[in-house]
Amino acid sequence: MTKNLSEGKSLYLPRVAEITSIETIAQKEKLFEFKFQDSKELGHKPGQFVEISIFGIGEMPISISSSPTKKGAFELAVRAVGDVTNALHRLSKGATVGIRGPFGNGFPVDEFTGKDLLFIAGGIGLFPLRSLINYVVDNRKNFGRLIILSGSKTADERMLVNELERWQVMEDVELLETVDIGNEKWGGTIGPVTTLFSQIEIIPQNTFAVTVGPPVMYKFVIGECQKKGIPDERILMSLERRMKCGVGKCGHCQINGVYVCQEGPVFSYARIKKDKLTEAL
Amino acid sequence: MTEKVLSKQNLNIFINTLLSRGEEIVGVKKKEGKYAFGKIADAEEVCLDYDITLLPPSMYLLPQREALLKFNIAERPVASPVIEANPFILFGVHPYDIKAIELLDTAFSTDNLDTNYLSRREAATIIGVDCLNPNPNAFCPSMDTAFTDKGYDLLLTDIGDSYVIAIGSERGQALLKGCPDTQEATQVELKRKEEERQKALGQYKVALDTPLEKLPQLLDKSWNSSLWEERSEACLSCGSCVMVCPTCFCFDVQDDIELDLVEGERYRQKDACMLVDFAAVAGGGNFRDDKTSRYRHRMYRKGKYIMERFGKPGCVGCGRCASACLAEIASPAETFNLMRGESK
Chain A
44 MTKNLSEGKS LYLPRVAEIT SIETIAQKEK LFEFKFQDSK ELGHKPGQFV EISIFGIGEM
104 PISISSSPTK KGAFELAVRA VGDVTNALHR LSKGATVGIR GPFGNGFPVD EFTGKDLLFI
164 AGGIGLFPLR SLINYVVDNR KNFGRLIILS GSKTADERML VNELERWQVM EDVELLETVD
224 IGNEKWGGTI GPVTTLFSQI EIIPQNTFAV TVGPPVMYKF VIGECQKKGI PDERILMSLE
284 RRMKCGVGKC GHCQINGVYV CQEGPVFSYA RIKKDKLTEA L
Chain B
4 MTEKVLSKQN LNIFINTLLS RGEEIVGVKK KEGKYAFGKI ADAEEVCLDY DITLLPPSMY
64 LLPQREALLK FNIAERPVAS PVIEANPFIL FGVHPYDIKA IELLDTAFST DNLDTNYLSR
124 REAATIIGVD CLNPNPNAFC PSMDTAFTDK GYDLLLTDIG DSYVIAIGSE RGQALLKGCP
184 DTQEATQVEL KRKEEERQKA LGQYKVALDT PLEKLPQLLD KSWNSSLWEE RSEACLSCGS
244 CVMVCPTCFC FDVQDDIELD LVEGERYRQK DACMLVDFAA VAGGGNFRDD KTSRYRHRMY
304 RKGKYIMERF GKPGCVGCGR CASACLAEIA SPAETFNLMR GESK
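Protein chains in written order, with this note's numbering: chain A, 44 to 324; chain B, 4 to 347.
Treat the hints with care, as some may be off.
[Stated by the list, open to error] Some chain A residues near chain B, calculated using beta-carbon distances under 7 Å:
1) Phe79
2) Gly101
3) Arg285
4) Val290
5) Gly291
[Said to hold, decoys possible] Far from chain A, some chain B residues (derived; all Cβ distances over 12 Å):
6) Gln67
7) Asp152
8) Ile260
9) Ile332
10) Gly344
Note that these hints are calculated values from the structure, not bench results.
Yeah, the Cβ is synthetic: ideal placement off N, Cα and C, and Gly gets one too.
Based on the provided sequences and hints, a complete structural model is requested.
Take a look at the structure:
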């Protein structure tokens, strides 16, 4: 016991943040904006996550949806599926929550400099990816092409529609969308997100692929990226697990021997293969 | 440091002196034919020739349930950390349990300092005792945990009518100063200590076929073995193996609120990767929804993941899991030996 504990603070004490705005995205999804009571920045990287607390209900890991280029506040887009997320959805503007973090490695944005970027989002995978997309949009000259492939279940379940439309009209953003199940209102592509790969041309040696979506999507997207010739170390994905503690202790987020909350959630396909992360995909 | 000798009778006086000074002592007591750690009120209760306790002493450092925060949600939610650490003496800890505590020390101080654990650890004085009467399910020599030369403040070895006492820290030395009846251990007494240890080594009934340092490699080759499914078929997913394990430190975090819906606490409690919903996520997904993958995960933690991460084995060979398992499948040694047999 050589470490000095007198300096030690609790790993588990959240900072207090106030909900400063709430926007309904879809039936079960809302976008929350938060400010810390002490006015400090969250200080995150795109692709990191926080632990959000509703005292009396519990704590839950949520990906950060806003880019660090947005100052003074940060955003979490949340689907109401469990106790904490449902409780959060019941809160109003002005309510306070607990926030720990940011945690995790985030996307390696420095390695992206000068490279073409191919982002593939499935469903609410767009929520964490939004932090990266807006980071690139706000630092546009540092990167090559920006191609976004986004897949939704139906036209009515397209997430962050305002944001999609904002990116759609940008000249230097190539946004392609598809829905699994079409309807009379939808005039676009129908099929899984992988359908969109046939509509793009890329220079694989100069491209990073980043995908976030439901677990079932990854192996298909990886296969398409490989077919395009993108090397495994440049195929990146965010692997979401139940990061209960966020500090590499509780064990819930483990994929084989790796703590996702510490070494993830962003992994390259090359890393998954090299470390034999057989539980990853 | 030189080793001391204390007669058994004087050890009892020593313990009672500590108690009368107001020291809190947690030691091993007989409990319905078994042994369990508990609060000691008198030296007569202390049992030092036990084989194994039902639950490991690490539960006094990482309690089965422990508050992390207190909160009040009356107006605006306010939370404050709970860090409890009252000095106490953990008395009669076997070397394998000392090594397990050393692993917890590493796990809770690597990357992020877990003040809850570490404060309690710092408040603990550890008085070990050599295990000379091993449990039939134990395989400590294979895990290099039968004896230890660190991790304790004092370590006793029974040499018949007295104990040889090794001093492991200044804290241990200071403690012993309050015990004027100790003598310098003679060469004869030290020789007897070695003989007792050798005798104990001969009593272990289970051994690993694989050298400890080769375990990760063995497991590296065994991921797709059909033995995982065969072994886990009888698993009841009850989590007993984990609940009695001195090296298992995974936990769940929950909130508890008083009936007034105002005051409450956030606590952590021991959780088990062998339980069905350990790797479940919101929305219905479960990344280890079958018992084979849960069983394999536990064995990989015991033999590979922990060792690769912290440089210490994730199993100390105490045999508690094997004793607790109703399906008789929990022994890591047995499992690793089967894997080894298959990989030959």
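Outcome of the hint check:
no. : hint   : in the structure
1   : Phe79  : violated, 14 Å
2   : Gly101 : holds, 5 Å
3   : Arg285 : holds, 5 Å
4   : Val290 : holds, 4 Å
5   : Gly291 : holds, 5 Å
6   : Gln67  : holds, 14 Å
7   : Asp152 : holds, 17 Å
8   : Ile260 : violated, 4 Å
9   : Ile332 : holds, 21 Å
10  : Gly344 : holds, 23 Å
Hints 1 and 8, counting from the list given before, are not met by this structure.
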